[in-house]
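Participant: For this note's numbering, add 22 to where a residue sits in the sequence shown, where the first one is 1.
Hints are computed from structural coordinates only; laboratory data are not their basis.
Where hints are given, some of them may not hold.
Said to hold, decoys possible - Below, a list of computed lysine to any residue pairs in the SDA-like style, where the Cα atoms sit at most 20 Å apart: (1) K90 / P105; (2) K227 / I308; (3) K260 / Q244; (4) K90 / M23; (5) K227 / W177; (6) K90 / D76; (7) K210 / G291; (8) K222 / H270; (9) K128 / M23; (10) K222 / Q178; (11) K222 / C289; (12) K104 / N122; (13) K222 / E126; (14) K221 / G237; (15) K263 / E172; (16) K222 / H303; (17) K210 / P288; (18) K211 / K227; (19) K227 / K260; (20) K222 / P174; (21) K283 / N305; (22) K222 / K263; (23) K128 / Q41; (24) K302 / D198; (25) K188 / H303; (26) K104 / F91; (27) K211 / K282; (28) K222 / T52; (29) K227 / S158; (30) K227 / P288; (31) K188 / H270; (32) K221 / K260; (33) K283 / A200; (34) K104 / E132; (35) K282 / P174; (36) K128 / R116; (37) K210 / K283; (38) K222 / G207; (39) K210 / K222.
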Amino acid sequence: MNVEMSYLLGMVCGNGEIQRNMNDTIISITIPHKKLVTEDFHDIKLYVKASIADIRNIIEPLIGNSLKFIQHQHCTIISFSKPNNEYLIREIIRYIGNANTHNEIKLDNEILNFSIDEKKYFLRGFADVTGYIRRSNCYFNRYEHRVYLEIPNNWQLVVDICNLLKSIDIPIQNIDWAHPNMRDGYCKKYNEGNFSFWKKEHQIKIWANEFLPIGFGVLHKQQALEMYSNELIAGYNKAGKIPSDVTHRYYWDSKKKYSKKKIQHPCEGDEFIPEIIRGKHFNSWIEIASELGYVE
23 MNVEMSYLLG
33 MVCGNGEIQR
43 NMNDTIISIT
53 IPHKKLVTED
63 FHDIKLYVKA
73 SIADIRNIIE
83 PLIGNSLKFI
93 QHQHCTIISF
103 SKPNNEYLIR
113 EIIRYIGNAN
123 THNEIKLDNE
133 ILNFSIDEKK
143 YFLRGFADVT
153 GYIRRSNCYF
163 NRYEHRVYLE
173 IPNNWQLVVD
183 ICNLLKSIDI
193 PIQNIDWAHP
203 NMRDGYCKKY
213 NEGNFSFWKK
223 EHQIKIWANE
233 FLPIGFGVLH
243 KQQALEMYSN
253 ELIAGYNKAG
263 KIPSDVTHRY
273 YWDSKKKYSK
283 KKIQHPCEGD
293 EFIPEIIRGK
303 HFNSWIEIAS
313 ELGYVE
């Protein structure tokens with residue numbers, strides 16, 4: 023393993039598709055850009071295009087040929103193909119548990135034994151294709167900025183990523199689970215007839231300053247991360263708080279009690295929810311995280 027392979031593996035796990043043919047395997051990775059401009063009105067497509075040069079410098083020596091590059095209005099797709107029997111392909115398939123898409127991936131336990139740098143590069147690759155940092159991602163105060171890692175459908179991958187972050191001492195601020203008790207805790211949307219409102223992507227939320235050791239390889243995301251981290255630190259300092267005392271905290275270290283009760287939701291037994299927690303009622307994201315394996 024090396025950092026280049028770790029970065030590629032993170033991108034595949036975050037937003038990759040694997041197509042196996044008789045003789046070769048095609049791996050495609052989507053880099054979404056939800057908005058067309060950054061918050062300071064720069065063209066995101068141009069930023070991503072500029073970042074592709076850096077991504078190519080990491081990945082192309084590893085794969086031994088050029089990445090294909092296609093840019094659409096709301097996403098950029100990079101891809102490459104290799105013979106099925108090549109070591110690189112066999113290793114990628116092994117680490118992702120023989121999955122065909124990021125929606126099915128369960129990380130191999132060996133990833134937790136990577137070096138610290140390899141873990142950081144894996145998470146950077148993952149964040150480049152799943153991560154967002156925007157002013158609207160703040161917590162209660164406008165300076166309390168957070169990175170969101172968005173994972174559709176794949177409950178196990180959420181836990182795997184949280185545990186990987188924990189292994190390099192980066193705490194999670196919150197997980198917004200795609201669960202009816204979290205997304206529609208008082209049945210408002212359900213009672214309006216929107217029965218599937220809660221079936222969205224899971225969102226792992228991390229304080230901006232805590233995410234700095236990982237960072238982004240995509241230029242506009244890294245610039246936003248640095249700016250918002252500085253705002254967060256300045257905001258807490260102005261409020262007379264030591265930033266790390268607030269942000270560097272795991273849920274099991276907190277004395278805060280999550281006592282706000284959610285009402286019983288008719289969709290708690292939906293098949294979208296993994297069997298291990300299907301049919302159970304939850305009052306906080308922490309209860310779900312604990313049941314699924316993100317624990318001390």
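Participant: Does each hint hold? Answer for all of them.
Facilitator: Each hint tested on the structure:
About 16 Å separates the Cα atoms of K90 and P105, which keeps this hinted pair within 20 Å; it holds. Pair hint K227 plus I308 holds up; C-alpha atoms about 13 Å apart against a cutoff of 20 Å. Between K260 and Q244 the CA atoms are separated by roughly 24 Å; this puts the pair beyond 20 Å, and the hint is violated. Between K90 and M23 the CA atoms are separated by roughly 24 Å; this puts the pair beyond 20 Å, and the hint is violated.
Restraint check for K227 and W177: satisfied, since their Cα atoms lie roughly 15 Å apart, inside the 20 Å limit. Restraint check for K90 and D76: the C-alpha separation of about 14 Å stays at or below 20 Å, so the hint holds. With a CA separation close to 18 Å, the supplied pair K210 and G291 stays within the 20 Å bound. A threshold of 20 Å between alpha carbons decides the hint, and for K222 with H270 the separation of about 28 Å lies outside it, so the pair is violated.
At roughly 18 Å between alpha-carbon atoms, K128 and M23 fall within 20 Å of each other, so this suggested pair holds. About 15 Å separates the Cα atoms of K222 and Q178, which keeps this hinted pair within 20 Å; it holds. With a C-alpha separation of about 14 Å, the suggested pairing of K222 with C289 holds against the 20 Å cut-off. Note on K104 and N122: the hinted pairing holds, with a Cα-Cα distance of about 15 Å set against a maximum of 20 Å.
Note on K222 and E126: the hinted pairing holds, with a Cα-Cα distance of about 16 Å set against a maximum of 20 Å. At most 20 Å may separate the alpha-carbon atoms for a hinted pair to count; K221 and G237 exceed this at roughly 29 Å. For the proposed pair K263 and E172, the alpha carbon gap of about 29 Å is over 20 Å, so the pair is violated. For the proposed pair K222 and H303, the alpha carbon gap of about 18 Å is at most 20 Å, so the pair holds.
For the given pair, K210 sits about 12 Å from P288 by alpha-carbon distance, which is consistent with the 20 Å threshold. Among the hinted pairs, K211 with K227 is inconsistent with the structure: their alpha-carbon atoms are about 23 Å apart, more than 20 Å. For the suggested pair K227 and K260, the alpha carbons sit about 23 Å apart, so the restraint of at most 20 Å is broken. For the hint linking K222 to P174, the alpha-carbon distance of about 7 Å falls within 20 Å, and the restraint holds.
With a CA separation close to 5 Å, the supplied pair K283 and N305 stays within the 20 Å bound. About 35 Å separates the Cα atoms of K222 and K263, which puts this hinted pair outside 20 Å; it is violated. Proximity of K128 to Q41 is assessed by CA-CA distance (about 17 Å); at most 20 Å being required, the pair is judged to hold. Between K302 and D198 the alpha-carbon distance is near 17 Å, which keeps this suggested pair within the 20 Å criterion.
Distance restraint check for K188 and H303: the Cα-Cα separation of roughly 26 Å exceeds the 20 Å cut-off, and the hinted pair is therefore not satisfied. With a C-alpha separation of about 16 Å, the suggested pair K104 and F91 falls inside the 20 Å cut-off, and the hint holds. Using a Cα cut-off of 20 Å, the hinted pair K211 and K282 holds, with the two alpha carbons roughly 19 Å apart. Between K222 and T52, the direct Cα distance comes to roughly 18 Å. Compliance with the 20 Å bound is thereby established for this hinted pair.
With a C-alpha separation of about 13 Å, the suggested pairing of K227 with S158 holds against the 20 Å cut-off. Between K227 and P288 the CA atoms are separated by roughly 27 Å; this puts the pair beyond 20 Å, and the hint is violated. Restraint check for K188 and H270: the C-alpha separation of about 11 Å stays at or below 20 Å, so the hint holds. A C-alpha spacing of about 39 Å is found between K221 and K260, which places the hinted pair above 20 Å, so the restraint is violated.
The suggested pairing of K283 with A200 holds, with an alpha-carbon distance near 18 Å, which does not exceed 20 Å. Restraint check for K104 and E132: the C-alpha separation of about 24 Å exceeds 20 Å, so the hint is violated. A hinted pair counts as satisfied when its Cα atoms are at most 20 Å apart, and K282 with P174 does not qualify at roughly 26 Å. For the hint linking K128 to R116, the alpha-carbon distance of about 10 Å falls within 20 Å, and the restraint holds.
For the proposed pair K210 and K283, the alpha carbon gap of about 15 Å is at most 20 Å, so the pair holds. Between the alpha carbons of K222 and G207 the distance comes to roughly 14 Å, so the proposed pair stays at or under 20 Å and holds. As the CA atoms of K210 and K222 are separated by approximately 16 Å, the hinted pair is consistent with the 20 Å bound.
In this structure, the earlier hints numbered 3, 4, 8, 14, 15, 18, 19, 22, 25, 30, 32, 34 and 35 are contradicted, and the remaining ones agree with it.
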